[in-house]
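Protein chains in written order, with our numbering: chain U, 58 to 514; chain W, 58 to 514.
Just so you know, these hints were derived from the structure itself, not from any lab. Be aware that one or more of the hints could be misleading.
As the list makes no split between identical chains, a pair holds if one copy fits it or if it spans any two.
What the hints assert, rightly or not - Distance condition first, Cα-Cα at most 20 Å in a straight line; then the derived EDC-like pairs of lysine to aspartate or glutamate:
(1) Lys322 with Glu302
(2) Lys163 with Asp237
(3) Lys281 with Glu255
(4) Lys233 with Asp101
(5) Lys116 with Glu236
(6) Lys281 with Asp325
(7) Lys257 with Asp325
(8) Lys205 with Asp342
(9) Lys496 with Glu236
(10) Lys116 with Asp347
(11) Lys496 with Asp507
(12) Lys257 with Asp298
(13) Lys163 with Glu236
(14) Lys496 with Asp237
(15) Lys277 with Asp237
(16) Lys205 with Asp347
(17) Lys116 with Asp237
(18) Lys61 with Asp398
(19) Lys233 with Asp250
(20) Lys205 with Glu343
(21) Lys196 with Asp342
(22) Lys496 with Glu310
Protein chains: 2
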Amino acid sequence: MLNKKIAILGGGPSGLAQLRAFEAARLAGNKNLPEIICYEKQNDIGGMWNYTWRTGLDKNGEPVHGSMYRYLWSNGPKECLEFADYTFDEHFGRAIPSYPPRAVLKDYILGRIDEEAIKKYIRFECPVRWVEYDDATEKFTVTVMNHKTGEQETDIFDYVVVATGHFSTPNMPYFKGVEDFPGRVLHAHDFRDALEFENKDVLMIGSSYSAEDIASQCYKYGAKSITISYRSEPIGYDWPDNMEERPLVTHFEGNVAYFKDGTSKAFDAIMMCTGYLFHFPFLPDELRLDTHNCMYPEHLYKGIFFHDNPKMIYLGMHDQYYTFNKLDVQAWYARDVILGDKAIPNAEERLADMKIWQDRHQALDGSDDQNIDFQADYILDLLATIDYPDFPVKAQGELFKQWLRDKEEDIMGFREKTYASTMTNTMATELPAPWLEIKDDSLESFMSLDFVEATVD
Amino acid sequence: MLNKKIAILGGGPSGLAQLRAFEAARLAGNKNLPEIICYEKQNDIGGMWNYTWRTGLDKNGEPVHGSMYRYLWSNGPKECLEFADYTFDEHFGRAIPSYPPRAVLKDYILGRIDEEAIKKYIRFECPVRWVEYDDATEKFTVTVMNHKTGEQETDIFDYVVVATGHFSTPNMPYFKGVEDFPGRVLHAHDFRDALEFENKDVLMIGSSYSAEDIASQCYKYGAKSITISYRSEPIGYDWPDNMEERPLVTHFEGNVAYFKDGTSKAFDAIMMCTGYLFHFPFLPDELRLDTHNCMYPEHLYKGIFFHDNPKMIYLGMHDQYYTFNKLDVQAWYARDVILGDKAIPNAEERLADMKIWQDRHQALDGSDDQNIDFQADYILDLLATIDYPDFPVKAQGELFKQWLRDKEEDIMGFREKTYASTMTNTMATELPAPWLEIKDDSLESFMSLDFVEATVD
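Put together the whole structure using the sequences plus the hints.
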């Protein structure tokens with residue numbers, strides 16, 4: 058283990074999970090830890106959870122990482138993302154509702170971080186410029202731009218952990234005539250404040266989580282009408298009166314969108330909720346994962362280790378139901394490999410293992426329920442061999458399924474539902490008012506609400 | 058000259074000037090031309106002159122190059138940017154007004170390009186990922202991402218010509234409270250359509266050409282009010298009634314901006330016209346120009362050759378009055394050096410030459426008139442030793458001075474002025490209506506207007 062050195066690219070949830078995994082080993086008395094440098098593009102930890110008012114390029118001219126918007130609340134129950142080694146009870150000291158706003162969740166996510174201990178590993182405002190691997194020395198060369206000094210830094214590493222996320226680079230299709238649309242055309246990545254669309258007729262293209270959540274935000278903050286245009290299937294919720302779904306846009310003429318069903322409507326703004334690209338401009342072909350948002354990306358052994366070069370580690374590249382605790386499990390597993398406590402099998406065995414999971418996923422019907430079970434089993438497979446605290450993965454999976462049913466029942470009201478923690482059994486409290494009526498999403502404002510003890514059925 | 062190979066990074070006005078310079082040599086019978094590959098991020102030639110509806114990141118996830126907006130008209134007289142080897146008369150076959158819209162100017166700029174001959178040098182959708190220089194071999198290694206194939210390409214070159222422009226990466230300062238502003242906050246780079254701001258109270262920050270032009274656009278297309286906030290000096294034009302200038306913003310509270318003079322005003326949108334960063338994320342420190350928009354960037358011999366490595370060539374890095382013909386002169390000069398027809402002097406002599414120009418610029422009073430003369434002399438210095446057709450540089454400089462006076466006289470009407478070509482003496486025709494009333498800026502629409510023969514004073 059002598060003199061091993063690892064680079065972690067990104068200080069968001071994935072990168073922090075990796076740092077935390079090593080920190081846990083250090084606290085457990087491990088004396089043979091590698092040297093770690095974490096390079097972060099932003100000026101703070103938290104990745105996507107740092108709200109930024111900027112869009113497009115950041116103050117250093119780098120693509121803005123953040124896709125979060127004002128007034129964002131968790132779109133899934135907090136009980137499904139609870140860390141096994143740091144519960145909501147431990148953080149807040151009391152029960153809170155199941156769907157907190159962004160600032161509250163961020164407070165929790167960062168709450169378990171010993172910032173002093175963790176930040177000393179991180180170089181902020183250091184986007185990665187280029188990574189190379191030398192077959193002869195079996196080392197990586199990582200070059201970053203340190204915007205604080207205005208100079209680049211180059212260092213040599215034994216492992217590279219890619220923790221840069223995959224919700225930052227918009228996938229933005231072209232529709233005929235969109236170039237002449239006389240209003241704002243934006244991707245969900247650049248959406249910041251629903252108040253910009255107050256009293257406007259807004260067209261959302263796409264039927265992703267982004268589409269349904271941003272549509273709901275726009276409804277909540279007073280858009281005049283919201284039309285969601287879907288490619289294959291409508292989202293199908295029971296939307297309020299001024300919201301509707303239509304099939305895909307065929308083209309635009311001026312401010313009018315034409316849809317596949319022959320209908321048309323004039324709009325003030327177009328928002329494309331058309332997903333994200335996996336984008337690693339700092340990686341050469343031979344190290345670069347080429348995938349899309351799916352349940353089990355190809356070429357990643359255990360969903361983590363790049364098949365062509367297993368010292369190239371990718372965290373959080375799956376489509377996600379499970380989030381933070383899945384990242385933890387991946388990071389703990391990767392740590393054990395880096396520490397030499399676990400071996401990476403040979404190429405043939407890796408291929409065989411990946412094939413088992415790929416085949417298994419192929420056999421699913423594509424339903425959320427089956428995907429949730431699949432992801433739970435993936436997590437359990439990793440969890441079985443690491444010292445991360447056991448947690449009720451399957452029970453959280455059942456909560457995900459309940460969450461989907463709750464959304465089905467009331468898309469504008471599901472955030473008023475409450476669930477019990479699978480870790481502590483603490484029942485979440487109820488919001489004191491409907492979600493649609495609570496418009497201040499700040500940490501202070503939310504935590505000062507009079508939460509109501511949930512009535513048990 | 059055997060087997061020399063050059064990379065041109067960018068196929069906009071600068072890159073095209075370089076390609077055109079070599080093409081001119083080829084047409085003149087030169088048989089010893091280097092092999093040329095031009096890498097272009099977009100899918101067409103024209104650089105900034107390609108209007109794109111996209112903002113932020115492009116379809117390949119790369120930062121959008123374009124900062125052009127709909128309804129943009131030339132903000133300077135076309136007679137000041139006329140190519141010496143391709144006149145407006147030759148292109149249009151008749152006189153046209155002095156301030157044409159973007160599409161008309163683009164048609165002219167690309168008109169002299171033999172697209173078939175030129176495009177064979179260009180690889181489109183190939184943003185540059187990384188450039189290295191090997192002191193031992195004295196060659197550059199250039200790696201690009203070919204988004205058409207999904208694979209990277211790496212090649213070795215004797216010279217690299219950086220022609221990527223410097224109006225693509227926003228400089229975006231922070232103002233206290235801007236993160237809570239409940240409306241759109243954008244940089245001029247992301248401005249596309251003034252109609253988005255119809256009936257809105259718009260705050261522009263900055264007193265650049267962008268600020269004055271976008272403010273004028275917003276006025277023309279019906280903004281309710283426009284407030285321009287300046288750092289040091291107001292632009293000072295005689296603005297229409299619903300436009301005004303105020304000193305710098307100190308902070309925001311909600312939708313209200315507070316200014317240094319103690320006043321405040323509520324706004325619907327904030328547009329920062331705060332300039333651009335020189336941004337070369339694909340270059341290592343030892344090859345990277347570190348400058349800002351100024352009349353004579355440091356470390357560039359003849360304003361072209363990077364002092365630390367003169368085989369690293371930068372085009373168009375000056376702040377500009379002169380534009381296309383200055384790029385031509387730089388490109389012709391660089392071509393002669395690459396062809397071995399001109400020598401690059403030793404470091405000491407280069408430093409001495411740069412110092413002469415720097416000192417001379419230091420001694421100026423900063424006025425437009427003196428800067429114009431300075432840039433004219435810079436062009437004449439290069440022009441004296443190349444075979445680019447002579448053109449009346451000083452006479453064009455006088456036109457620039459006249460243009461500034463015309464703007465002073467009537468900021469909303471100066472585009473109705475006409476000037477004579479310094480190349481052909483052809484007098485521009487007059488617009489048939491005030492600029493404020495001509496709202497269709499397409500090539501077809503503009504060219505079908507009944508231009509009026511200018512009355513000679």
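Structure-based check of each hint:
1. Lys322 with Glu302: The answer is within: 12 Å in one copy meets 20 Å, while 39 Å across copies does not.
2. Lys163 with Asp237: The answer is between: 18 Å across copies meets 20 Å, while 39 Å in one copy does not.
3. Lys281 with Glu255: both (7 Å within a copy, 17 Å between copies)
4. Lys233 with Asp101: between (40 Å within a copy, 18 Å between copies)
5. Lys116 with Glu236: between (27 Å within a copy, 14 Å between copies)
6. Lys281 with Asp325: both (10 Å within a copy, 17 Å between copies)
7. Lys257 with Asp325: both (6 Å within a copy, 14 Å between copies)
8. Lys205 with Asp342: Answer is between: at 14 Å across copies they meet the 20 Å cutoff, but 29 Å inside does not.
9. Lys496 with Glu236: Between copies, since 17 Å is at most 20 Å while 34 Å is not.
10. Lys116 with Asp347: Answer is between; shortest inter-copy Cα gap is 16 Å, intra-copy 29 Å.
11. Lys496 with Asp507: within (15 Å within a copy, 55 Å between copies)
12. Lys257 with Asp298: This pair counts as within: shortest intra-copy Cα distance 15 Å, inter-copy 28 Å.
13. Lys163 with Glu236: between (37 Å within a copy, 17 Å between copies)
14. Lys496 with Asp237: between (34 Å within a copy, 14 Å between copies)
15. Lys277 with Asp237: between (29 Å within a copy, 18 Å between copies)
16. Lys205 with Asp347: between (31 Å within a copy, 14 Å between copies)
17. Lys116 with Asp237: between (29 Å within a copy, 17 Å between copies)
18. Lys61 with Asp398: For Lys61 and Asp398, only the intra-copy Cα distance (14 Å) is at most 20 Å; the inter-copy one is 53 Å.
19. Lys233 with Asp250: between (27 Å within a copy, 17 Å between copies)
20. Lys205 with Glu343: Between. Shortest inter-copy distance 18 Å satisfies the 20 Å Cα cut-off; intra-copy 30 Å does not.
21. Lys196 with Asp342: within (17 Å within a copy, 22 Å between copies)
22. Lys496 with Glu310: between (36 Å within a copy, 17 Å between copies)
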